[in-house]
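Student: Put together the whole structure using the sequences plus the hints.
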Amino acid sequence: MDMEFPDAAELEWLEANASYPDEEEDDLEFDDDFLQQPPSPPGSEQITSQPDPKPTLSLPPKPSLPKPQLPINSRKRFLPDDPESLSDDRNAVVITEEKRSRVEDNDEDWLRYSPPKQPEEEEPMVVEQELEEEPEEKILAKYALEIDGDCTPVTGLDELLSDEQTNRQVLMWLKQWDSCVFGVEIKSTTDDVLSSLKQHSLAVQHPRRSSKSSFGNSREPRIDNEKAHNDLHPENSDSDRIKDLWDKKHRKGGPPEQKILLLCGPPGLGKTTLAHVAARHCGYRVVEINASDDRSSASIEAKIHDVVQMNSVNADSKPKCLVIDEIDGALNDGKGAVEVILKLVSAERKLRAGKENEPEGGNAGQKSSKKRHHKTSLLRPVICICNDLYAPALRPLRQVARVHIFVQPTVSRVVNRLKYICNRERVKTSSIALTALAEYTDCDIRSCLNTLQFLNKKKETLNVLELSSQVVGRKDATRSAFDIWKEILQKRKVKQTKKSFNCFSSVSNDFETLHSLISHRGDYDLIFDGIHENILQLHYTDPVMQKTVQCSDILGCSDIFHQYTMHTQHLSLQVYQSPLAMSIHGLVAQIGKPNIEWPKSFQRYRTMSIEKKEILHSWKNKIPPSISRHLSTKSFVEDLISPFLHILSPSTLKPVALHLLSDKEKAGLAQLVNTMVSYATTYKNIKSDPSLVMHHGASDVSMLALDPPIGEFINFKGYDSCHIVLASAVKVFLVHEAEKQKILQGSSNLHSPPTGAERQDVLRCENSSTMSKASALSDKTIHFRDPSRQKHYDLPSASSQNKRSAGGTTASGKVWLPERKNKPFVDSRSFFDRFRKPSDKTPQDNDHAKLKQKLEERDSRPLLFKFNEGYTNAVKRPVRIREFLK
Amino acid sequence: MLWVDKYRPKTLDKVIVHQDVAQNLRKLVSEGDCPHLLFYGPSGSGKKTLIMALLRQIFGPSADKVKVENKIWKVDAGTRTIDVELTTLSSTHHVELNPSDAGFQDRYVVQEIIKEMAKNRPIDTKGKKGFKVLVLNEVDKLSREAQHSLRRTMEKYSASCRLILCSNSSSKVTEAVRSRCLNVRINAPMEEEIVSVLEFIAKKEGLQFPQGFAARIVEKSNRNLRRAVLTFESCRVQQYPFTNNQTIPPMDWEQYVSEIASDIMKEQSPKRLFEVRGKLYELLTNCIPPEIILKRLLFELLKKLDSELKHEVSNWAAHYEHRMRLGQKAIFHLEAFVAKFMSIYKSFLISTFG
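Same order as they appear, the protein sequences are chains U and C. One point on numbering: in the numbering used here, the residue at position 685 of the first sequence is 685, and numbering is uninterrupted. One point on numbering: in the numbering used here, the residue at position 340 of the second sequence is 1226, and numbering is uninterrupted.
Think of the hints as simulated: they come from the structure by calculation, not from any bench. Check the hints yourself; a few may be wrong.
To be verified - Chain U regions said to be covered by chain C (calculated; three or more residues, Cβ under 8 angstroms):
id: 1; region: 606 to 615
id: 2; region: 622 to 628
As the list claims (entries may be wrong) - With a cut-off of at most 30 angstroms between alpha-carbon atoms, the simulated DSSO-like pairs for lysine-lysine come out as follows:
id: 3; chain 1: C; residue 1: K1152; chain 2: U; residue 2: K717
id: 4; chain 1: C; residue 1: K951; chain 2: C; residue 2: K1005
id: 5; chain 1: U; residue 1: K593; chain 2: C; residue 2: K1165
id: 6; chain 1: C; residue 1: K951; chain 2: U; residue 2: K717
id: 7; chain 1: U; residue 1: K664; chain 2: C; residue 2: K1106
id: 8; chain 1: U; residue 1: K547; chain 2: U; residue 2: K491
id: 9; chain 1: U; residue 1: K622; chain 2: C; residue 2: K892
The beta-carbon is built from N, C-alpha and C at its ideal position, and this holds for glycine as well.
Tutor: So, in structure tokens, the structure goes:
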């Protein structure tokens, strides 16, 4: 089947192409030779015999073409005459697809291995031959009913208004796909191509116009190109070397690094045209998805997969090239498409990482595997077109795609082009009017042409003075936010040309443009953020700050406005936002160029405050509910934090060993540790960071900071808080104590109801008793509850307290008497609990029995060692001496 | 444990500040039933404490056995189901939550929870109450829709569920909800009351407490009891025994605001305004609510201002606070106030001093 298809397809295609000239051109002779050519088996004589009838065609702005270039050009286009190529070409027609791909490969060689500047020179020649058909075609399609073939197709090279550099690069990029898409064989003709390019490089110093005959089968020119050079430079000088090189490169081969091409630029510069022409030129069938198509994620995914992975079963078995137009616009901000593409690209990456060297074999397998979406990869070039490169939806795409930015062509270039078209169309214009038109439309060629055509139809002439009313069909021009801020904050310089209008109209003109500019952009939130960010940096005379007040009032207004429209969903009210921005323009716009910054500070504030709220939230969750329930986030920051930090860092705390502290100090310490534990704070090692206020007292490499970083909340820029910073030794000590306290609590919780509940039990008893008794008890319970974690757990009686304190003072060494419940508690969990449970029920009654029991327990183990040298966070386990003695 | 928590009265009998309110609440409970309640008053006046004590009074000590629950509510909102995650504090008798955390979905949360509570209504055995209590905090932040949806559910499920609402200002609670509740106004405690609380704590802690010193703390505390106790404790930690002229540590953010105020007084220009903006951002970043910043800033400015201007400036502050609440970006309005003040002050200076 392959035998048949290419041929038929080719013919079909050629016919399709040939029909352009039919409809659009008056040059019948040209059509003739074009039409004759493809169906016939490459008739070389014909081509050689007419070196260039076309170039001399009446293209008014066409500069003189150097003669040597023309034969090449024409040969490129038509079939070559030397025997080798002839046979080759016949093969191409008759034989297989494979053959064709080989040819294309050559083409690629020719691009790759030529010295860098050469392809640059060469490309436009080829590309633009076709490029020019497109815009005209579109316009014609639009106005097909009105205009009967009296529009000129654009034919010249230079008439592709996009910058040549870009054109070349786009083509280069497409070429890199060849090996992957068509499957390549190495041909020895590379050197020929090289030399041909050399030849070209001589020729292309001059401005070029391609001949009309240039359009046609996109593949042919390249084929011919090669052949042409074959006969120009028959000697194969250093082909071997090049071949080697090629071999190497090709083995690695496959598609280019960046698999997506992203063309961006303002409308009407020919991005779509370029994409179409370049793709067609390289032998692809263009599949376009544009804003008018269904762009939901699912449908677009199916579509892209179809294009990118399937072989076309169509008559023309040409591979497809996907062009996604206006990817930044329309539904979902183009997110659907972007996501799909990114998925493909990342899948490809993984695949490549997996198996390194499998360019075509793997591909072939996957082409049909539509179901395996996750494994699928990008096998066809994808060209994305957008207006705003910095649209948020495109952010991920920007990173993986190769980006080309279209710049505005110069006015003179556009005007030249317009003039040329006008001449062709026999429209009378003046270059002044055309210049004005081009300026008015920002060099948007499409808009210019539409206007001209429209006027022509109405039998009117372009009038410089009424330009604004005459221009029709302007595309929505969305500008970047920066442009808008600049427009708002900067007074426009009155241009020379505009002085011709009277003053009043220029004011209203400014008004108009600004209004349309802002409302086209639409993102009012961002616009006002930007104004807010930059407005105070402007220089305007304002003795009593009246203007500033007005501006900030307007900003406030816009905020209220925004909030209201969003809240009520009356989005149509957004229209009135742009006058607000314009009134700011009226107030403060300056003549000098403002130094505009992106509104970062508001965003930063937003993210930071969310972060901090998160910290507070998680902190609050850590604090036991009985405490945290009384605090709202607001009261945390408002009332709690400052005094809390003071309380956490008492000035009286000395970094000395525990046993050297006085009783009072110990009580203070206990209180502090208790607070730390109940508020779930601790100190944590962090990397030293000089910017943090909390700990510039310590000079250690790693310093201790409060764990929920509460200190941050009072750490205002340019503000010195008078909080005392504890010495790091003290902090270490506190951490240790807090840890211990936590373990104590945890262990007591293991055997008894949770601390809160246990307290409640006590309180319940108190409740049941009489009022007076309750109040009397309450002191005790509070007293008992609080230090219970710290010191004695179960000795509510005053006598035991005395004993304990006595024990504390006498215990000077590392030997404690067991009454000193501070430490022994760790290991006493079991025996305490044994009598704790009944005691919970009836604490008062059991007091004595409990004490007795306890004393007995104690006496059985008279001594207790506590090794307390230094502190560590390691898990400690109390061990009995008798276990050592065993 | 901080003194604020340590000496927080656990029962209605032991409250020091709002004894009259406590008395009434106790009477209410002794009747065996209670209506829906709305507690409102400034922060630090003891709303929460009273509510907890009230719960205790109703249900006994088991009301204090609370557990934190992070629950995801599946809410059926017309066409789709929304997942709302919310932290609740609950005991066997009551549920406590902060519906404004759920953002604009608060409406569903309120309805859903009340319905759920109504479903598993406790059995009315003797000695037990046949209803559960739902405590809603920060009702003033509840959206209008949520409040509207609340009023019907309040009536419908009143058999099984009592609501205790807690808010800072009753004006933010819709009329309809207010009329369904018994409104309990908890005003900020009088200075003498705060002094007596501090003295009580001092006695319990066994501290020598000079009379004049207490008055100074109270003066600084803005009649906020929580703040007074916290300040008291931090003073204790910083220096003891107390002296009458001991420095009382200020709130850091207030200190910062007063720095901003003096910045504003020193120079009035767009450039200075820009610096002020940076500082305001600092405050906002640290989660300090913009209304409070504005209020404090006005307070600081008024201290330094000529009496002629005080009225006008206060007027404008109110104006901008109103706008701030209407809008979303507080910084715009804060800044607008500062700009307005600068303008007023500057023209005042020019007219007086030429």
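Student: None of the hints should be skipped; say for each whether it holds.
Tutor: Status of each hint after checking the structure:
1. 606 to 615: holds (count 4)
2. 622 to 628: holds (count 3)
3. C:K1152 <-> U:K717: This hinted pair holds, its Cα atoms lying about 19 angstroms apart.
4. C:K951 <-> C:K1005: Distance ~22 angstroms between K951 (chain C) and K1005 (chain C) Cα, so the pair holds.
5. U:K593 <-> C:K1165: 27 angstroms, holds
6. C:K951 <-> U:K717: 42 angstroms, violated
7. U:K664 <-> C:K1106: The given pair, whose Cα atoms are some 28 angstroms apart, holds under the 30 angstroms limit.
8. U:K547 <-> U:K491: Measuring from Cα to Cα gives roughly 16 angstroms; hence the hint holds.
9. U:K622 <-> C:K892: 18 angstroms, holds
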